[in-house]
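Enquirer: If you want the building blocks of each chain, they are given just below.
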Amino acid sequence: MKRHWVLAAALIAAAAATGAAHGPAAPSDAAITGSAFPTMLSEYGFFTDGAAQAPAAGVRAYRLNTPLYSDGAEKLRFVYLPAGARAGTEGEGLLDFPVGSALIKTFAFTESGSRRLIETRVLLHRADGWLALPYLWNAEQTDAKLALAGARVAVTTPAGERIDYRVPNKNQCKECHGLNDAVIPIGPKARNLSTAWLNDFARDGHIAAVPVVARTLPVWEERAEAGVEPAARAYLDVNCAHCHQPGAMASNSGLDLRWEQTSAQALGVMKRPVAAGRGAGNLLFDLVPGKPGESIMVHRMASLEGGVAMPELGKGTVDKEGLAVVERWVAAMAPSGAP
Amino acid sequence: MKTTILAAILLAGASSSAIAATRQVDAGPDAQTRLQEALILSQPGDEVVLAAGRFMLDDGLSLDVDGVTLRGAGMDATILDFTGQTGSGEGLLVTSDRVTLRDFAIENPKGDGIKSKGADDIVYQRLRVTWTGGPKETNGAYGLYPVESTGVLIVGSEVSGASDAGIYVGQSKAITVRGNVARHNVAGIEIENSRDAIVESNFVTGNTGGILVFDLPSLPVMGGGNTLVRGNLVAHNTTPNFAPKGNIVAGVPRGTGIMVMANDGVLVEGNILVDNPTAPVMVVAYPMKFDDKTYNPYPRNVVIGENTVDRGGTDPQIDGRNALLAAFGGALPPVMWDGLAQEGTVALRVDPSLGGWSLNLPAQGGGLSGAGAKPGPLSVPAPTTGFALTGVGAPAALEARLVP
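Quick note, the sequences are listed as chains A and B, same order. Residue numbers for the first sequence follow this note's numbering, so the first one is 1 and each next one is one higher. Residue numbers for the second sequence follow this note's numbering, so the first one is 1 and each next one is one higher.
Isolated chain A, as found in the complex:
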């Protein structure tokens, strides 16, 4: 009898534990737009099954053509708009999600054949602006807890490297998401989303019309067909330009790596560094056409050392594929007449 009681208790506990992963069928608008920092990810109700990353009603998955590198983590991206709300469009740039919207991104690594969720970052559009919060998944994978100060988690990357993966703290979110003193989304720009996805989004009434995109960013896996210049420029736009543009964290460098930038000097060609310090690595210019080995940008991308490594955050391993693309781009550049 006693044994049955213990078994029953264990079953109830197990049910409760799994139950935590199953949120309500629809997200909580109050959790998104309120003033509190919800302690558990499940309080938002973004997922019907958190461990499986099964989105609740109104939560829509998306992917980016060229994604930001995060030590090879698998990233699951979702967007939520409140019922009846519609996003604006800003040309081929960021979709303009209304107050009450949320962007949700889960980082996962596959270890020993199974997927392990590490963290979920949420961007909440509240009345006073966007708020970025990081949530750290528990070992049981039942829920994720707010980690304001961030964390370090030992993981094995797809390349087989053992690293202390860094979950950013709340302020570090802003280092990448900050522009002109406000927090903004980075990823969902019309030019970095597939036409098919945008068409679906418009058909479902979430945007009035599909924005016109002059040059879509290439799909990263198809970069070989896209050509070295678009692939490299897309890579820099996605991985570097959130800091390296006017009004952003690295604006004082004078380097502007946005997709739309056309000045070779602003992109770093024969540009001398300003405050690179020892990050310059005994090199004179950010980019030397034809000579990736003499280019500070390549040197810093290839480094893991604090004070040298670029990007400064979100990097525990070198992105070998991204580095290769940038190296090929620099190698193929015609010699510059710049000083």
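Simulated from the structure, these hints should not be mistaken for laboratory data. Warning: the hint list may mix true and false statements.
[To be verified] Residues from chain B shown here face chain A by an in silico Cβ test under 8 Å; the list is partial:
(1) THR33
(2) GLU37
(3) GLN43
(4) THR86
(5) GLY170
(6) LEU219
(7) PRO220
(8) LEU378
(9) SER379
(10) THR385
Every residue, glycine too, gets a C-beta built ideally from N, C-alpha and C.
Following the hints, complete the assembly by docking chain B onto the known chain A.
Expert: Just chain B now, kept in the frame of chain A:
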């Protein structure tokens, strides 16, 4: 009576909510998380108080709340130790306005010590940033590093070992750097692409170059100038240059005292310059070629007033050294100019009590080691009487935040 009491309680409640909270953080296990959480959860007006002790940190810290004071128990008592740092480009990053930092130390950050970006009205008081292994190329770049800010006050601090500049103020305005010690850095104190600065009463010693006032091309903020360099002790800046090549300071010759490059309106007076054997004072145009039509590479209206100089360049790290020394009788005069000026402007005025010489370079953009140099005695006008810079220095409200 009852209403009065109620009113008093309400008033007390109102004022107590206006009184800032104090969050104490102790050293010990989990210091990284506890300290970072305190910085994130602080509210405008709060104080985050660091207890005495050594905080072992493995990542950068950041503060993004306006009006917060972060203070320790003293620059030798509270030590933020970044020897084990694995992430971030600096020890502490501040991105909010009206922040006060005082009475703690940062040791061995992997990149910069304390960086404040777009952080207006910031006070740095009695801070120490030390790379404990002495001057090394592998040390981080800048000790104290405010950039893109209006209102910067750096007082009573000490930086040593920076592989670029100990105190580096960039792309900012309304700046005071006073009473600090900069030792064993490549550049002791550097004011770059900034305006309205006072650099005074600092002890700048054992660096490669002492005090540098620069303007560089192709940056979001240019047009540096209106800067006063006064009453500093600039001594024994004879450490070999250990900056990684590629940085502008990697070109600073060992033994440079005060260097002004491509700035408009700089007054250098009342300094004591001892044992700076390349040049106690150097005034030059930006030496490299550039591609920026908005940039003026020439020094304009630079005034070297009365300064106390032990002697001139006895061991100048420049081309043609031996011939120069022979020609000038064993030591170069204290003020060195490259001879370049923007047409129609006066690049330089020098008090007649100081001797000088010029490289007489033919054109900007050929470097300093220059082909075409025709060294000769300096011939520039004396300062006009009553020359003064106006509107320099940090706002008075920042001075009011200093604690004795």
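Enquirer: Are the hints correct? Go through all of them and say.
Expert: Cross-check of the supplied hints:
1. Because the smallest distance between the Cβ of B/THR33 and any Cβ of chain A comes to about 4 Å, under 8 Å, the interface hint for this residue holds.
2. Taken as an interface hint, B/GLU37 checks out: its beta carbon lies about 4 Å from the nearest beta carbon of chain A, inside 8 Å.
3. Because the beta carbon of B/GLN43 sits about 13 Å from the nearest beta carbon in chain A, more than 8 Å, this interface hint is broken.
4. Look at B/THR86: its Cβ gets to within about 6 Å of chain A, closer than 8 Å, so that hint holds up.
5. The interface hint given for B/GLY170 holds, since its Cβ lies 6 Å from the closest Cβ of chain A, which is under the 8 Å cut-off.
6. Evaluation of the B/LEU219 hint against chain A yields a held restraint, the C-beta minimum of about 5 Å falling below 8 Å.
7. Taking 8 Å as the C-beta contact cut-off toward chain A, the hint placing B/PRO220 at the interface holds, the least distance being around 6 Å.
8. Because the beta carbon of B/LEU378 sits about 29 Å from the nearest beta carbon in chain A, more than 8 Å, this interface hint is broken.
9. This hint is violated: B/SER379 has a C-beta 31 Å from the nearest C-beta of chain A, more than the 8 Å allowed.
10. For the restraint placing B/THR385 at the interface with chain A, the shortest Cβ-Cβ distance is roughly 38 Å, beyond the 8 Å limit, so the hint is violated.
Violated hints, listed in ascending order, are 3, 8, 9 and 10; each of the other numbered hints is respected by the structure.
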